[in-house]
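Number of protein chains: 2
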Amino acid sequence: MPVFSASDSAHMARALQLAERGQYSAHPNPMVGCVIVRDNQVVGEGWHAMAGEPHAEINALQAAGDDAQGATVYVTLEPCAHDGKTPPCSTALVEAGVARVIAAMQDPFPRVAGRGLGRLKEAGIETAVGLMQAAAESLNAGFVSRVTRNRPLVRLKVAASIDGAIAMKSGDSQWVSGPEARHDVQRLRASSGAIMTGIGTVIADDPSLNVRAPELDTRGVQPLRVVLDSRLRMPPAAGMLTLPGTTLVCCTGDRDGSRLADAGAEVRSFAPDGAVVDVSAVLGDLARREVNVVLVEAGPGVAGYLLEKDLVDELVIYQAPHIMGSETRGMFHTPSWTRLADRRKLEVCDVRRIGDDTRITARVRH
Amino acid sequence: MPVFSASDSAHMARALQLAERGQYSAHPNPMVGCVIVRDNQVVGEGWHAMAGEPHAEINALQAAGDDAQGATVYVTLEPCAHDGKTPPCSTALVEAGVARVIAAMQDPFPRVAGRGLGRLKEAGIETAVGLMQAAAESLNAGFVSRVTRNRPLVRLKVAASIDGAIAMKSGDSQWVSGPEARHDVQRLRASSGAIMTGIGTVIADDPSLNVRAPELDTRGVQPLRVVLDSRLRMPPAAGMLTLPGTTLVCCTGDRDGSRLADAGAEVRSFAPDGAVVDVSAVLGDLARREVNVVLVEAGPGVAGYLLEKDLVDELVIYQAPHIMGSETRGMFHTPSWTRLADRRKLEVCDVRRIGDDTRITARVRH
Chain A
980 MPVFSASDSA HMARALQLAE RGQYSAHPNP MVGCVIVRDN QVVGEGWHAM AGEPHAEINA
1040 LQAAGDDAQG ATVYVTLEPC AHDGKTPPCS TALVEAGVAR VIAAMQDPFP RVAGRGLGRL
1100 KEAGIETAVG LMQAAAESLN AGFVSRVTRN RPLVRLKVAA SIDGAIAMKS GDSQWVSGPE
1160 ARHDVQRLRA SSGAIMTGIG TVIADDPSLN VRAPELDTRG VQPLRVVLDS RLRMPPAAGM
1220 LTLPGTTLVC CTGDRDGSRL ADAGAEVRSF APDGAVVDVS AVLGDLARRE VNVVLVEAGP
1280 GVAGYLLEKD LVDELVIYQA PHIMGSETRG MFHTPSWTRL ADRRKLEVCD VRRIGDDTRI
1340 TARVRH
Chain B
980 MPVFSASDSA HMARALQLAE RGQYSAHPNP MVGCVIVRDN QVVGEGWHAM AGEPHAEINA
1040 LQAAGDDAQG ATVYVTLEPC AHDGKTPPCS TALVEAGVAR VIAAMQDPFP RVAGRGLGRL
1100 KEAGIETAVG LMQAAAESLN AGFVSRVTRN RPLVRLKVAA SIDGAIAMKS GDSQWVSGPE
1160 ARHDVQRLRA SSGAIMTGIG TVIADDPSLN VRAPELDTRG VQPLRVVLDS RLRMPPAAGM
1220 LTLPGTTLVC CTGDRDGSRL ADAGAEVRSF APDGAVVDVS AVLGDLARRE VNVVLVEAGP
1280 GVAGYLLEKD LVDELVIYQA PHIMGSETRG MFHTPSWTRL ADRRKLEVCD VRRIGDDTRI
1340 TARVRH
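Heads up: the sequence lines are chains A and B, in that order.
Here our numbering is used: the first residue of the first sequence is 980, the next is one more, and so on.
Here our numbering is used: the first residue of the second sequence is 980, the next is one more, and so on.
So here's chain A without its partners, still in its complex pose (with noise of 0.2 Å):
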């Protein structure tokens, strides 16, 4: 295990702040920030804005220029050694003379893993992995669930009260969190390849499920929006078909498609699992299109189902400072739980006050 230094650790994180930058972008592609220091000096860096465009450790060594002769590198991802869009980085860091490359983490491909690295190592470059490599998984972890997993990272969101209720059971409901964590759900979407929700929702909502705040660029890419919908109930008018970007259509059996994909819709059967499309085939599908991040957005039906049949990996919870009590709707429909032992164990990643709202984000325990 290589000792890293604390400067190293200061060179990484900025790294990382700086991958960050690609949160709305850069995906199908990994976030990825580079920092190329020498003589204590950092003389250059950059970041993957977008598939196709250059890679972190491109644009750091364009800043460098000469000055990277002999640096030390920093990257949050291992340099890649396959031609894709771009030649790869590890032949141009070699090309640059740099001395050193630490890299947070392996490329998660395990059939690649360590090729970057080993290109490096032979043509005499000192090399290191596991730098912070925590938070460089937590950062693309639907890259890495994408490619180790063949399905997408699903993170469930859900606004609720304090006391864990939806709306009203009269059905008399509204905004249930402030603006401001309706803002941040704008931000979720963003950092998301698709967004899913449940024929249910789109019928009685009509949501858009859109990004819709001017700063946060997405290079005008709509996330994928995809709606479950097994009986085909689809309205052809349903708002979201309006708008752009494309809108996928989940339905089991042989339907007739014809007036949805009129209106802008592709429409696409999956194997059933009871009377409901089965989600799994859906992720499988999702993450053939390179989709990394799922939100799902949807009512408490869609997002039971999802719980019991264990295809959650994180839950995001904006609990609004109410109490709305016993006659009410709650978050998760989960009829097949009767038993204490069925539920669903949480890690707490984080919580954190968003306006009046306390937002929380856990990790489903597998």
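Hints may be right or wrong, so weigh each one.
Since the list can't tell identical chains apart, any single copy or any two copies may satisfy a pair.
[Stated by the list, open to error] SDA-like cross-link-like pairs, simulated, lysine to any residue; straight-line CA separation at most 20 Å:
#	residue 1	residue 2
1	K1100	A1071
2	K1100	A1120
3	K1288	A1266
4	K1148	H1312
5	K1100	A1060
6	K1324	A1146
7	K1100	Q1085
8	K1324	W1154
9	K1288	S1315
10	K1148	E1306
11	K1324	R1344
12	K1100	G1049
13	K1148	P1314
14	K1100	E1074
15	K1148	G1280
16	K1148	V1073
17	K1288	P1067
18	K1324	P1186
19	K1324	E999
20	K1324	R1079
Just so you know, these hints were derived from the structure itself, not from any lab.
Given chain A, work out where chain B should sit, using these hints.
Frame of chain A; chain B shown alone:
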């Protein structure tokens, strides 16, 4: 409005910290801390530990000795002007020859507010009030409630899953929160003059409702245990009746409490509110018994009733990192709340991790 310096604030912050040392033993008296400063040096510190023992100012004056002459006194509550169990602090401060007295807040008794400071002014001592007043009022919110509203502060404690469940509908249940949270509840109990529960909880769980953590020094005093039991179903064999301290069983109408009295309970009849005890009347009785804070540890029925009647001042939720789903019992049974407008608004004051649980402290907006 007097202008306070940064050093004034620092000394008052220290006085507040000293006051907190009385949190498990000072009640029914308020917690008070005092710092005496001469020539920018702290020459005396004191706090009030227990009724019958010296007030904070007296302890600080004793520590300061002759150095109190010409000094500035920081005290979290206006010094008393009346002869109580000890001679009035205002007299002692005058006799010690202090130059200046800064109080965080006035005496909350409307009829005596300002009298202690008035006596000091008459003696030529410079006085000021209001430095860190919000913190001082919050520290003694229970005492302030009792003397200004003639009822204790009602703090409702609930342990629930992140989706607001306290048990499975099937009855399958166990500790919802972890050991650190359960220990934290010991602190809540030790800070309370009374602990209230419902007869349903007594019959189901036979709780002790006592302070057991040896490091919480309540000077041997146990909080009054209060059981809401309109029909006097309390079992004479209930465990709490065998423990040190008093158990008050609150029923309605004319019932024979002799067997319970023989078992050690104090039985009292209160006005009914429909089929249950009118808790407002019980709270009035508790204020007369000099209870500053009532901690409610009860099931969804009592908790919901108190919320419906707007009798809860503060909510403390221990949220366990679990999703329990829909086949569960909720935190509050509030059958009368059918419209969204019935919900109660909260002001979240504090959110922190206690072991694996998240503790949310919130004030209920009346």
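Outcome of the hint check:
With identical chains, the CA atoms of K1100 and A1071 are at most 20 Å apart within one copy only, with a shortest distance of 14 Å there and 80 Å across copies. Proximity of K1100 to A1120 under the C-alpha cut-off of 20 Å is found in neither arrangement, the shortest distances being 27 Å within a copy and 66 Å between copies. Taking the closest pair of Cα atoms, K1288 and A1266 come within 20 Å of each other only inside a single copy of the chain (18 Å); across copies the shortest separation is 52 Å, beyond that limit. For the identical chains of this complex, K1148 and H1312 are neighbours both inside a copy (14 Å) and across copies (14 Å), given an alpha-carbon limit of 20 Å.
In this assembly of identical chains, K1100 and A1060 lie within 20 Å of each other by CA distance solely inside one copy; the values are 12 Å within and 81 Å between copies. For the homomeric pair K1324 and A1146, the shortest alpha-carbon distance between copies (15 Å) is at most 20 Å, but the shortest distance inside one copy (25 Å) is not. Taking CA atoms no more than 20 Å apart as the test, K1100 paired with Q1085 passes inside one copy only; the shortest distance there is 14 Å, against 73 Å between copies. Taking the shortest alpha-carbon separations for K1324 and W1154, only the inter-copy value of 14 Å comes in at or below 20 Å, while the best intra-copy value is 28 Å.
Only within a single protomer do K1288 and S1315 lie at most 20 Å apart by alpha-carbon distance; the minimum there is 10 Å, versus 35 Å between protomers. Within a single copy, K1148 and E1306 get their C-alpha atoms as close as 6 Å, and across copies as close as 16 Å, so both meet the 20 Å cut-off. In this assembly of identical chains, K1324 and R1344 lie within 20 Å of each other by CA distance solely inside one copy; the values are 6 Å within and 32 Å between copies. Only within a single protomer do K1100 and G1049 lie at most 20 Å apart by alpha-carbon distance; the minimum there is 14 Å, versus 75 Å between protomers.
For a Cα distance limit of 20 Å, the shortest separation of K1148 from P1314 qualifies both inside one copy, at 17 Å, and across copies, at 11 Å. With identical chains, the CA atoms of K1100 and E1074 are at most 20 Å apart within one copy only, with a shortest distance of 13 Å there and 82 Å across copies. In the homo-oligomer, the alpha carbons of K1148 and G1280 lie at most 20 Å apart both inside one protomer (15 Å) and across protomers (19 Å), since each shortest distance falls under that limit. For the homomeric pair K1148 and V1073, neither the shortest alpha-carbon distance inside one copy (65 Å) nor that between copies (64 Å) is at most 20 Å.
With identical chains, the CA atoms of K1288 and P1067 are never at most 20 Å apart, being 40 Å at best within one copy and 69 Å at best between copies. In this assembly of identical chains, the alpha carbons of K1324 and P1186 never lie at most 20 Å apart, being 30 Å within a copy and 27 Å across copies at closest. Within a single copy, K1324 and E999 get their C-alpha atoms no closer than 29 Å, and across copies no closer than 36 Å, so neither meets the 20 Å cut-off. For the identical chains of this complex, K1324 and R1079 are neighbours neither inside a copy (42 Å) nor across copies (57 Å), given an alpha-carbon limit of 20 Å.
Of the hints listed earlier, those the structure fails to meet are numbers 2, 16, 17, 18, 19 and 20, in rising order.
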